[in-house]
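Protein chains in written order, with the working numbering: chain A, 1 to 197; chain B, 198 to 247; chain C, 248 to 451; chain D, 452 to 693.
Calculated directly from the structure, the hints in this document are not laboratory data. Misleading hints may appear alongside valid ones.
As the list claims (entries may be wrong) - DSBU-like cross-link-like pairs, simulated, lysine-lysine; straight-line CA separation at most 30 Å:
#  : chain 1 : residue 1 : chain 2 : residue 2
1  : C       : K444      : C       : K319
2  : A       : K4        : C       : K280
3  : C       : K444      : D       : K536
4  : A       : K65       : C       : K304
5  : A       : K195      : C       : K451
6  : D       : K681      : B       : K236
7  : A       : K128      : C       : K319
8  : A       : K19       : C       : K319
9  : C       : K319      : A       : K24
10 : C       : K304      : A       : K94
11 : D       : K625      : C       : K444
12 : B       : K241      : A       : K19
13 : A       : K94       : C       : K280
14 : A       : K10       : C       : K304
15 : B       : K241      : D       : K625
16 : A       : K195      : A       : K23
17 : D       : K605      : A       : K23
18 : A       : K10       : A       : K142
19 : C       : K281      : A       : K23
20 : A       : K4        : A       : K19
21 : A       : K24       : A       : K101
22 : D       : K474      : A       : K23
23 : A       : K8        : A       : K23
24 : A       : K10       : A       : K190
25 : A       : K195      : A       : K158
26 : D       : K594      : C       : K304
27 : A       : K19       : D       : K625
28 : C       : K316      : C       : K304
29 : D       : K605      : D       : K683
30 : A       : K23       : A       : K190
31 : B       : K241      : D       : K474
32 : A       : K23       : C       : K444
33 : A       : K158      : A       : K77
34 : C       : K280      : C       : K451
35 : D       : K681      : A       : K23
36 : D       : K605      : A       : K128
37 : C       : K316      : A       : K23
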Amino acid sequence: MSKKYLLKVKNLSCERNYKIIFKKLSFILFPGNIILVDGENGAGKTSLLLCVADVLDYTGNILVKNGIDNLGYVGHKNALFENETIFDFFAFWKNIYNYTKNYQDVLEYFNLIDFIETPISLLSFGQKKKLSFARLIMMNSKIWLLDEPISGLDEKTKQIILKIIKKHLSQGGGVLATSHQNLNYFDINKTTRVKID
Amino acid sequence: MTEEILKFISMGGHSFYIWTAYFIPLTLIFSLVITLRSKLKRIKKNETEV
Amino acid sequence: MLYSNKSWFAVSFFLLCMLIFPLSLGSSEGLLKKTAVSSIWICVLFANLISLESLFKDDYQSGILLQYKINKIPFSIIVATKLISHWTFTGFPIIFLSPIFLVFLSGSFNDIFGLFFSLLFGTPLFSLIGMPIAALTLGASTRGPLLIFLSIPFFLPIIIFGVLSVGSFNSGTYSEYYLLCAILSISIVILPYITIKILQESLK
Amino acid sequence: MLRYLHKYANPVRFLSIARPMRKAMGLLSLFIILVGLVFALFFSPPDYQQKETVRIMYIHVPAAWMSLMIYAFISFSSIVFLVWKFPLFLILAKESVTVGVIFTFSALFTGSLWGKPTWGTYWVWDARLTSFLILFFIYLGLKLIKESFSHSSKGDYAFAYLALIGGFNLPIIKFSVDWWNTLHQPASIIRTGGVSISNEMLIPLFLMATGFLFLFIYILLVSVEINLKKRKMGYSKDKIIN
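Extracted from the complex, chain A is given alone in its bound form (with noise of 0.2 Å):
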């Protein structure tokens, strides 16, 4: 295993509430693959993601890559200000990102670019979904925590989503995502399954 890793988690143990939510997972993400967290509902999939953020407190090693300093999250709330316009959106956070390119290309490609005045608190549950993926683009982070990605979402949303995906995965990135629904739209080869119960 001296293959170049982006993530390392080992014997990650996780409680909360005073409750153990899962015990000792192990798994190591490389680059260009995705791994899958499966799960019932209120397994711990979700906790799973903020303890490599480290959000939560855990036991266990968690050993990100150097030169990896942040993590791109999409959860289940969008972290979005709903009294804003989209353009305040991409203002504030390419400042924090310090994203220095045109946001112009990416409003096109998730369609979004007839909306730049509209607040967002008026836009449908897909538009929110496609704006924090593209703060995602803005961070230009290797390493993604996507809750539940593609859940509720209409067939060409979803397309978009997993376009972006996979382009991410195709330039070296590593994904760690959450679903109750089967995501095979993967290559098979560069899919792991970790299951929590």
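Take the given structure of chain A and dock chains B, C and D to it, following the hints.
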């Protein structure tokens, strides 16, 4: 004898203040004790059943 | 950006509260003159209570706070920004509006400077003390009433010293101002730190 | 020291010590309070100034002491919990709140009952009563925050931090209320300060105070035992029994 008891109860004319001052706090604290004890008993019973 | 456009709500609420006092106490000038300073301080309290509720709520509920945490944006910056924006939108306008209200409530003009300085030291304290309590109640059921209930006892010393300081300003003793400054300087060191701790805990 | 604490901060170990201690404390406190009541009502002499109403003091003063002591205890345990993360200390702090509310209420209630024959009114805005009223509200706030996070560790931290801030704030409140009172003191009320307490009065006072202290320890031990058992059952059976 009864006069003495009545005199004791009247507390020099301040019977209302003194007896309520003793009665209410003690009732409160001991009712807490009793509820806690019954809770503990119920839990112990449940525990043995399990 | 970090503060929503509901921010002017607190000041307008402050103005609205002003109405209550003449209408409930009667418009007799003697009584209003006596209670003018206390009324203004009560209105400051109300304005702060109203604005506390939305201090961290949107960030917490929409998940932005979590996003900040994952993106390793230091919470000290967030707390500092929140503190400054909260004070600029509730404390700062009130300081400059209060002399006008002293006129409305037929208070004496001698109190203007005393009131100005007491509000200058008092309103940052309101924001500072409110912050950890607003952070504490994130995620609680029935948050609004809980927040008000918890924060009023903590605001009491500030109101006491604030109201008393106005009286002592005229007599030339400034002891309450020194006390307010002392509390302010201690709070500004400790409370933001505690708020950061609580916010990090609230995400778990 | 820390290792020693660790050993006894373990809930299971705690229970093995707590159970015999609880029984002893229960009996002891009941006995002492009964003896104290006998002394307070029969053997202690009436005060030459306050007459029989001085007997209210034997409830009022111990209750006031207890409510302050319990608050100090809550703050201390919360700090220990926040620093060393011993869950036992959090349970101790949380379970003391209800007792604290009752003692504070008792102190206020008996205080105002004592005030009526002595001062002529049930309530006076004097420094001690006012700061106790604020203490009562802080206790209620702790109780509210304890109950508004259901079964979540988030609420535990909220509780501990509130107790911590409250602990630091309490002296400031006390100081500010004293300050306020010296400036606003109405002249008509003369406090009966500096009453020399005779030995006969000291005995029931002391007895009631120790009785209340033991009673507090007893109640704390019972409620901690309930709490720990509930948790244990919550783990194994995944259901919560009220």
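Now for the hints, and whether the structure bears them out:
1. C:K444 to C:K319: holds, 15 Å
2. A:K4 to C:K280: violated, 77 Å
3. C:K444 to D:K536: Roughly 14 Å between the alpha carbons, so the hint for K444 (chain C) and K536 (chain D) holds.
4. A:K65 to C:K304: The hint is violated at about 35 Å.
5. A:K195 to C:K451: Roughly 22 Å separates the two Cα atoms, so the pair holds.
6. D:K681 to B:K236: Since the Cα atoms of K681 (chain D) and K236 (chain B) sit roughly 11 Å apart, the hinted pair holds (cutoff 30 Å).
7. A:K128 to C:K319: holds, 23 Å
8. A:K19 to C:K319: Roughly 27 Å separates the two Cα atoms, so the pair holds.
9. C:K319 to A:K24: Holds - the C-alpha atoms of K24 (chain A) and K319 (chain C) are around 26 Å apart, at most 30 Å.
10. C:K304 to A:K94: holds, 24 Å
11. D:K625 to C:K444: At roughly 27 Å apart (the allowed maximum being 30 Å), K444 (chain C) and K625 (chain D) satisfy the hint.
12. B:K241 to A:K19: holds, 22 Å
13. A:K94 to C:K280: Since the Cα atoms of K94 (chain A) and K280 (chain C) sit roughly 54 Å apart, the hinted pair is violated (cutoff 30 Å).
14. A:K10 to C:K304: Since the Cα atoms of K10 (chain A) and K304 (chain C) sit roughly 36 Å apart, the hinted pair is violated (cutoff 30 Å).
15. B:K241 to D:K625: violated, 43 Å
16. A:K195 to A:K23: The given pair, whose Cα atoms are some 11 Å apart, holds under the 30 Å limit.
17. D:K605 to A:K23: holds, 21 Å
18. A:K10 to A:K142: Satisfied, since the Cα-Cα distance of roughly 20 Å is no more than 30 Å.
19. C:K281 to A:K23: violated, 67 Å
20. A:K4 to A:K19: violated, 34 Å
21. A:K24 to A:K101: violated, 42 Å
22. D:K474 to A:K23: violated, 39 Å
23. A:K8 to A:K23: holds, 16 Å
24. A:K10 to A:K190: The hint holds at about 20 Å.
25. A:K195 to A:K158: holds, 24 Å
26. D:K594 to C:K304: holds, 22 Å
27. A:K19 to D:K625: Violated. K19 (chain A) to K625 (chain D) sits at ~41 Å, over the 30 Å cutoff.
28. C:K316 to C:K304: holds, 16 Å
29. D:K605 to D:K683: It holds: about 19 Å lies between the C-alpha atoms, which stays within 30 Å.
30. A:K23 to A:K190: holds, 25 Å
31. B:K241 to D:K474: Roughly 16 Å between the alpha carbons, so the hint for K241 (chain B) and K474 (chain D) holds.
32. A:K23 to C:K444: holds, 27 Å
33. A:K158 to A:K77: Given pair K158 (chain A), K77 (chain A) holds - Cα atoms ~17 Å apart, limit 30 Å.
34. C:K280 to C:K451: violated, 51 Å
35. D:K681 to A:K23: Given that 30 Å is the threshold and the Cα spacing comes to 23 Å, the pair holds.
36. D:K605 to A:K128: holds, 28 Å
37. C:K316 to A:K23: holds, 24 Å
In this structure, the earlier hints numbered 2, 4, 13, 14, 15, 19, 20, 21, 22, 27, 34 are contradicted, and the remaining ones agree with it.
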